[in-house]
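K.L.:
So you can see what is in the structure, the chains are spelled out below.
2 protein chains.
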Amino acid sequence: MDLESLTTTSGEWLRGSGPESAIVISSRIRLARNLAQFPFLTRADDGVRSEIETLLRSKIENLDSQCNLGYLDVGTLNDLDRQFLVERQLISRELAESHGSRGVGISEEENVSLMINEEDHLRMQVLRSGFALDDCWREINLIDDAIESEVTYAFSERWGYLTACPTNVGTGIRVSVMLHLPALVLTKEIQKVFQALQKISLAVRGLYGEGSQAMGDFYQISNQVTLGKSEEQVIAAIQDVVPNIIDYERRMRNELIKQNRQGLHDQVSRAYGILRNAQTISSEETMHLLSSVRMGIDLELIDGLDMSTINELFIQTQPAHLQKIQHEPLESAERNAVRASYLRRRLSAADAERN
Amino acid sequence: MDLESLTTTSGEWLRGSGPESAIVISSRIRLARNLAQFPFLTRADDGVRSEIETLLRSKIENLDSQCNLGYLDVGTLNDLDRQFLVERQLISRELAESHGSRGVGISEEENVSLMINEEDHLRMQVLRSGFALDDCWREINLIDDAIESEVTYAFSERWGYLTACPTNVGTGIRVSVMLHLPALVLTKEIQKVFQALQKISLAVRGLYGEGSQAMGDFYQISNQVTLGKSEEQVIAAIQDVVPNIIDYERRMRNELIKQNRQGLHDQVSRAYGILRNAQTISSEETMHLLSSVRMGIDLELIDGLDMSTINELFIQTQPAHLQKIQHEPLESAERNAVRASYLRRRLSAADAERN
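Residue numbers (numbering that gives the first Met the number 0), protein chains in the order written: chain H, 0 to 354; chain L, 0 to 354.
None of these hints come from the bench; they were simulated from the model. Do not take every clue at face value.
[As the list claims (entries may be wrong)] Under the rule of at most 25 Å between Cα atoms (straight-line distance), these lysine to aspartate or glutamate pairs were calculated in the DMTMM-like manner: (1) Lys257/H - Asp239/H; (2) Lys257/L - Glu333/H; (3) Lys58/L - Glu230/L; (4) Lys198/L - Glu147/L; (5) Lys257/H - Asp72/L; (6) Lys187/H - Glu107/H; (7) Lys58/L - Glu147/L; (8) Lys257/L - Glu330/H; (9) Lys58/L - Asp72/L; (10) Lys58/H - Glu19/H; (11) Lys257/H - Asp302/H; (12) Lys257/H - Glu330/L.
[Stated by the list, open to error] Far from chain H, by Cβ distances over 10 Å, these chain L residues were calculated: (13) Gly159; (14) Lys191; (15) Gln238.
Quick reminder that beta carbons are idealized off the backbone N, C-alpha and C, glycines included.
Sequences are here, hints too, so could you generate the full structure?
P.N.:
Dropping the structure here:
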């Protein structure tokens, strides 16, 4: 697989046209699996890691007929390429920062990524644009079954799938939904959402998973419990709660419009004006302004800009993406200038199309 | 004279093409005169005021062959129209806020305005784009002579021209130059300029004369002394000092570019982006942002925008101008929306021409 080719495309899950995509960026399910014949990675030496990679890679490459996967040997990638894949949501920060033999199989549309030697031997992930957990589940289930028909997973009748960290034991499933909640943030109602989710044992995180800050008003909601419930029950818990949050965000957007349409229109338009004209801009400010513009598109306060363009810009203005696009390593100040220049170019192209 | 027609034009002095017009907006000379046969206005009743207006108006209308003056009866104008003329620099705030018979003769190009019954019986003003005090002096001198050939001014051999306020006695001249000094403000060097001017008895004021705040980095420098010096000496004092200030501002602009070209480019571009996109904007923010853009044009950080467009926008986004353009009275919040809409329209038209 050619990693460079990814710089000219973007993941299908960013197309911004899935169900409820004005508020739900993407849906994701991942499964953690380990091979029965090898120790967990915490106890595996380099040789064992290498054996695991070779074996699982061959199984992944056998799946080709099903999902057209390309394979990347993450162990031989440089820091920038690994960071690029993290920004793109194709590998986890853990896989990027780990050591030894490891890799990832990625489907052409970037909906599927199968990581080898992350925290577990195998971490499978399926992504979809919008609120589409059923589709994710259907696809990941097929992949899981296909691999399981070839290998023996570490499984206990009592505990279920065994995993390196006890928090994943049982189903090994993590179901998550990435939500864009600017109105709940603006109205400070977001704290109530956090409290409600905590009570039903769901976790809230930022754009880049565990420990990351919620930038640009993006919140990832996911299950914490993997044991004692079926996969379907875990999915259903998220599926039940997300429509309430969507509805809450929607009501707050309408409330903001009702209270001060002009003020909101002004905020959104100024955000666009700055993104369209700045000569230097930080990643954080970019996320913040893109978030405003994204809500503005949904509320029809901005014409002629596609949600997919804005979704792409969230990813493509990240540090590693800019360096890949620019074909050179860039210091933070250089990145801010390249980011501004990239935003001007993309938004002026969109502008030209609009006229 | 039809006041409405002024809403579709702008003063010649805004064309931004006079000498040093990147830094000097305009040059102005005014002369204060009183008629010997009448008491000063502080002691004139309504009947006397009316007599003065009738007499001076006829003399002004006789000047027509020379400067094609239109006459406005300020006493019968409503508040909005008077404020409009103040914003346009055609009448003083004093004339607007005074009472009884009063008026102004205005030349077609708005370079000449002759106010009757302001603080003195007659206040003559000549304006020019850029640094052009000699032209102002030549023209105002001709007008003064032409009127003096028809009337008897209050004049004392010992004191010179007599005026209602002793600060104007002697020559009755006020020579002023409106400077745009954003780099001296940004680098905080402006205080040194103030101190130096104070030492040589020159006054510094804002865009709208005495008591007004310096908005948008505009500073009006003028003489305070009118007695004991000839008109030429007063003009020479300003003519001597202004090139130093121009040079100082120019050096600070270059210094800013040298120290942080990108930062300055960013500031200027964001200012443009906000003006081009905002949905509501105050007069103060507009002045501040236009000031950045104006410097940006001079420093070639912004292409394709004319200095004259920006000069016009400073005047046309003032409250009374917006209400005249919109043909209705507007509350402050409404003005902010109309101002933003006007800026978007003007700047998008300039944008379209550029492409």
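K.L.:
Going back to the hint list, which numbers does this structure go against?
P.N.:
Of the numbered hints given earlier, those the structure breaks are 1, 4, 5, 6, 10, listed in rising order.
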